[in-house]
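Protein chains in written order, with numbering that gives the first Met the number 0: chain A, 0 to 364; chain B, 0 to 126.
One or more of the hints may lead you astray.
What the hints assert, rightly or not - Keeping only pairs whose Cα atoms sit at most 30 Å apart, straight-line, the calculated DSBU-like set for lysine-lysine is:
id	chain 1	residue 1	chain 2	residue 2
1	A	108	A	87
2	A	87	B	107
3	A	108	B	107
What the hints assert, rightly or not - Okay, the calculated bits of chain A under chain B, using three or more residues with CB under 8 Å as the criterion:
id	segment
4	48–62
5	325–339
To be verified - Okay, the calculated beta carbon distance ranges per label pair:
id	chain 1	residue 1	chain 2	residue 2	range
6	B	14	A	68	35 to 43 Å
7	B	45	A	352	25 to 33 Å
8	A	336	B	78	40 to 48 Å
9	B	4	A	75	32 to 40 Å
10	B	116	A	273	48 to 56 Å
11	B	78	A	348	23 to 31 Å
12	A	60	B	116	22 to 30 Å
13	B	3	A	36	31 to 39 Å
14	B	73	A	115	33 to 41 Å
15	A	301	B	94	23 to 31 Å
16	B	123	A	72	45 to 53 Å
17	B	3	A	334	54 to 62 Å
FYI, nobody ran anything at the bench for these hints, they're computed from the structure. Think of the CB as a built atom: it goes at the ideal place given N, C-alpha and C, for glycine as much as any other residue.
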Amino acid sequence: MNSVQLLVGSILSMAAVSVLLVAVVATSRIGRLVLDASRQAAAAPYRGLLLTVAAGDDDSGAAAAQVSAVSDRAWSPVRDAAVALLSKVRGEAAVHLVRLLDERRELDKARAALRSRSAVRRARNAHLLGLAGRDQDVDVLIPLLADRSSEVRMVAARSLGLVGADRAAGALIGALAPVRRRPGIPTAVAAEALLGLGVRALPAIREALTTGEIDQRVVAAMVAADGAYSGVLPQLRDRLVNDQELDVRMFAARAVGAAGSRDDMAVLATHTADGQPAELRRTAVAALGELGDPSAGTVLVQLLADPDIRLAQLAAEALARLGHTGLDLLSVVALAGGRSGRIAAVALSMARLRDGAELYSGVGS
Amino acid sequence: MGSAPVRVVIADDDPDIRDLVMYKLTQAGFDVVAVSDGASALAAIESDPPRLAVLDVMMPGLSGVDVLRRLRENDVTREVRVVLLTARIRDSDVDAGFEAGADDYVAKPFSPRELVHRVNSVLARSG
Numbered sequence: 000m001n002s003v004q005l006l007v008g009s010i011l012s013m014a015a016v017s018v019l020l021v022a023v024v025a026t027s028r029i030g031r032l033v034l035d036a037s038r039q040a041a042a043a044p045y046r047g048l049l050l051t052v053a054a055g056d057d058d059s060g061a062a063a064a065q066v067s068a069v070s071d072r073a074w075s076p077v078r079d080a081a082v083a084l085l086s087k088v089r090g091e092a093a094v095h096l097v098r099l100l101d102e103r104r105e106l107d108k109a110r111a112a113l114r115s116r117s118a119v120r121r122a123r124n125a126h127l128l129g130l131a132g133r134d135q136d137v138d139v140l141i142p143l144l145a146d147r148s149s150e151v152r153m154v155a156a157r158s159l160g161l162v163g164a165d166r167a168a169g170a171l172i173g174a175l176a177p178v179r180r181r182p183g184i185p186t187a188v189a190a191e192a193l194l195g196l197g198v199r200a201l202p203a204i205r206e207a208l209t210t211g212e213i214d215q216r217v218v219a220a221m222v223a224a225d226g227a228y229s230g231v232l233p234q235l236r237d238r239l240v241n242d243q244e245l246d247v248r249m250f251a252a253r254a255v256g257a258a259g260s261r262d263d264m265a266v267l268a269t270h271t272a273d274g275q276p277a278e279l280r281r282t283a284v285a286a287l288g289e290l291g292d293p294s295a296g297t298v299l300v301q302l303l304a305d306p307d308i309r310l311a312q313l314a315a316e317a318l319a320r321l322g323h324t325g326l327d328l329l330s331v332v333a334l335a336g337g338r339s340g341r342i343a344a345v346a347l348s349m350a351r352l353r354d355g356a357e358l359y360s361g362v363g364s
Numbered sequence: 000m001g002s003a004p005v006r007v008v009i010a011d012d013d014p015d016i017r018d019l020v021m022y023k024l025t026q027a028g029f030d031v032v033a034v035s036d037g038a039s040a041l042a043a044i045e046s047d048p049p050r051l052a053v054l055d056v057m058m059p060g061l062s063g064v065d066v067l068r069r070l071r072e073n074d075v076t077r078e079v080r081v082v083l084l085t086a087r088i089r090d091s092d093v094d095a096g097f098e099a100g101a102d103d104y105v106a107k108p109f110s111p112r113e114l115v116h117r118v119n120s121v122l123a124r125s126g
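Extracted from the complex, chain A is given alone in its bound form (with noise of 0.2 Å):
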């Protein structure tokens, strides 16, 4: 055989090869396609009587009655379909899917499902569990979270924001660090988890950060702005002084920007001050203006002409949001132009569009 006919027999192959891979992933697709609608007419004569349970409108139990009363084999779409409603409504709507999927005992088999080897398995059980939104299921899905597929952790994680319940918060910030060589949950998982839980996590995000470590802190002070709970403030005041990780300081400023009071203008106002770090600074000019108490208005006015261009465009935000004394504060140094005139006319054009007109008349024109 010549070196041409190799080359010959070589692009053949490889062809084939080819040819061979698309056919499988196309068979795969149209199989799974087939799946789909055959899964889905199965589930269509009962798609009527689900709407009307997912409406909340079977207060008798009636439509959920006569969608339980279906054979094993037609059950299987139409519990897929249940469990899809039930991640689209809450209230009545939500309660009446989980008791539908209860009376078919879907909660029993996914808490057994939990124990599986597949983790494809325990995720998607953890999800239902955490729709299903039931207190006691807590004490399952604890235990998931230092489950040795990162994925079920992070459902484990997100579901436990879903039911809710005040014992799972301290689980939660306790899943941030690694266990046995495996990390621990993304601090943003856990973050939306302890949002979910409301001021319920309020005690575990106390002792996060009291005691906790960077992640912990990190995350604490996180949901604390992002929820802006006024009940840790004093901690949230200590972590912003004394913190040695900026991260954490960054968002105890924004906390204590979104929780606090006018006694914590002189203390966020300190933090804008040369020498800080820069984005430490941002942070808390911009938790200034969430403060919004108008005292701050000299400090940010100040700020208009820092050399940290982005800083002082900060500022003019932060004064904008301050009511009259920080708009007339923008209008004096947009009449005397410069940089600083320049960025505090901007900050009212932009205060104008955002408010209205109405508010802003005889102010910066």
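Let chain A serve as the given structure and place chain B on it in line with the hints.
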């Protein structure tokens, strides 16, 4: 003879949500037209303006807020009341919806019963 049912257009690319909102509003006595994207919503509303539209914010192509802005720019559709239905519930997203001219905002996951109350409330306010 009772009055004709109030016409409502709903737009959501999620068939579960679309079916559920359509079911619930139909049960509540509305005449409902359901579509699955922003462009179809705009076409349905412009061809025969309803009293109210329930728009998902995150749709392929034109988002619910894009549709809303176009409705407010058009003399024919300016008065159509709009309820946004969306999973995006950050303050800035809510602000963007109201700034574009939304009459109300319902967060997903949602209560179908509450949605009907919100729709009725918006219609009552608009007279």
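Item to check | Hints breached by this structure | outcome: When the structure is compared with the hints, numbers 5, 6, 14 turn out to be violated.
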